[in-house]
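Make a model of the complete structure from these sequences and hints.
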Amino acid sequence: MPLRTPDQYIASLRDGREVWFRGQWVPDVTAHPVIGKAVRHATIDYHMAESDRFRDLAVVTENGQAYSRYYKIPRNAEDLLLRSRLIEAATAEGDTLVVLIKEIGTDALFALLAVTAQMDDPVYYQRVRAFYDHCRHNDLALATAQTDVKGDRVRRPSEQQDPDLYLRVVERRDDGVVVRGAKIHTSVTPNVNEVIVLPTRAMGAGEADWSIAFALPVNTPGVKLLASPFGDAPVNPGERPISARHKMMETMTVFDDVFVPNARIFLDGDTRRAGALALTFVEYHRFTAVSYKLPLVDAIVGAAAVIADFNGILSATHVREKLISLIAYAETLRALTHKAAERCVPKPRGQVAPDPLLVNIAKSHFAHGYHTAVQHLQELAGGLLVTGPGDEDWAAPDTRPYLDKYLVGRKGVSAAQRMQMMNFIRDLTASDYGAYQEVLAIHAEGSLEAEKLQIFRAYTDNGSAGRVMALARRMAGL
1365 MPLRTPDQYI ASLRDGREVW FRGQWVPDVT AHPVIGKAVR HATIDYHMAE
1415 SDRFRDLAVV TENGQAYSRY YKIPRNAEDL LLRSRLIEAA TAEGDTLVVL
1465 IKEIGTDALF ALLAVTAQMD DPVYYQRVRA FYDHCRHNDL ALATAQTDVK
1515 GDRVRRPSEQ QDPDLYLRVV ERRDDGVVVR GAKIHTSVTP NVNEVIVLPT
1565 RAMGAGEADW SIAFALPVNT PGVKLLASPF GDAPVNPGER PISARHKMME
1615 TMTVFDDVFV PNARIFLDGD TRRAGALALT FVEYHRFTAV SYKLPLVDAI
1665 VGAAAVIADF NGILSATHVR EKLISLIAYA ETLRALTHKA AERCVPKPRG
1715 QVAPDPLLVN IAKSHFAHGY HTAVQHLQEL AGGLLVTGPG DEDWAAPDTR
1765 PYLDKYLVGR KGVSAAQRMQ MMNFIRDLTA SDYGAYQEVL AIHAEGSLEA
1815 EKLQIFRAYT DNGSAGRVMA LARRMAGL
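Here this note's numbering is used: the first residue of the sequence shown is 1365, the next is one more, and so on.
Misleading hints may appear alongside valid ones.
[As the list claims (entries may be wrong)] Straight line, CA to CA, 27 Å or less: simulated DSS-like cross-link-like pairs of lysine-lysine:
hint, residue 1, residue 2
1, Lys1588, Lys1514
2, Lys1703, Lys1816
3, Lys1703, Lys1514
Just so you know, these hints were derived from the structure itself, not from any lab.
Structure (structure tokens):
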């Protein structure tokens, strides 16, 4: 099957899926005023595949078959670098909002391929490979549901008062299993074709029923998507140039006694592999994360320089200091991301993954520095970010002359130019969208504490801890 067009992608979402928004069933996600915006944003991936500008980056041709580069199984550092470039370019096309309809799903596929290739029973790898081929050949959009609702965070899945607080198998049949539970923070689920479900953590003795991984079409009976309404207020495009055009949906994804056929079960009852799968997915997905953060930090650096220039303060010493700090923040993230690809680690069957040590350092660097970067940008912009006029004031003949006269910047910068940049910064840092990005910086792709643990684990596992300790001992004469 050839690559899908944007219209074919949109049409594929009209399939009777059960999506709920503010307590109301959504009969057609493509026509919904909020979810429809997310659908249109997601078409970026399909438009890029058709674009002369991006086709060589977005599309891979092998043995005469063209397919999305997102589905290219990484075999070397160059594959990872090109994947990162594509993610960065798509996010830039989304004006700092990641597309994610292929990125996160293929992260899960790569993890499943790597982990099942090491299992004694080859049937699981064969199932994953068949599903991968199905998704690649049909150019499907994918979501990944990993994070369980968890309940009491101190207690293990088997210790919860309600055993459904971690998704689990509740019935086994000859032709498959029935699962029950809910996954939270599931991105792009209302506007994809398939959802891949992974364990959220390592499992222990007696937790075989929670050690389950599978994939299903989103319109499977019993799959219920409860969409988050965050950021659903109507916005004026002049005041909110990003969020007026771009949107990504998040859901609580409920599996209400859902049947999963054997062919779609990729892990079942293997408590040891459950933890390995969760960690391997993180290795790939945090690389995706730091790749799609690059346009965001670039936008902050660029906006800081432009608004400082428009305000006439670009040459001030304290401004240069802030810009230098922002430049170092952005370029360190880019260097760590690229180096994580260059120092890739081997996986089974010729596959590679980004270096987990550098990926987690990159993600930690981004997360810990993001709020300071936003602070610098807001300082340089000024209070007009939240006290400036609205689109209606610019359109009203009684008020427009005052805006044109009093809101000008340095010589040569009109009030309209200055406020256009102010509104971009406002949407980026001081709106619902800005708040969304600030929360994502802390929690998306794993918490700050999870990143710290992974840095320590990777540094120990790759031999660096032993190397530096031996060096210290030698230097000390021990």
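Hints, verified against the model:
no. : hint               : result
1   : Lys1588 to Lys1514 : holds, 18 Å
2   : Lys1703 to Lys1816 : holds, 19 Å
3   : Lys1703 to Lys1514 : violated, 35 Å
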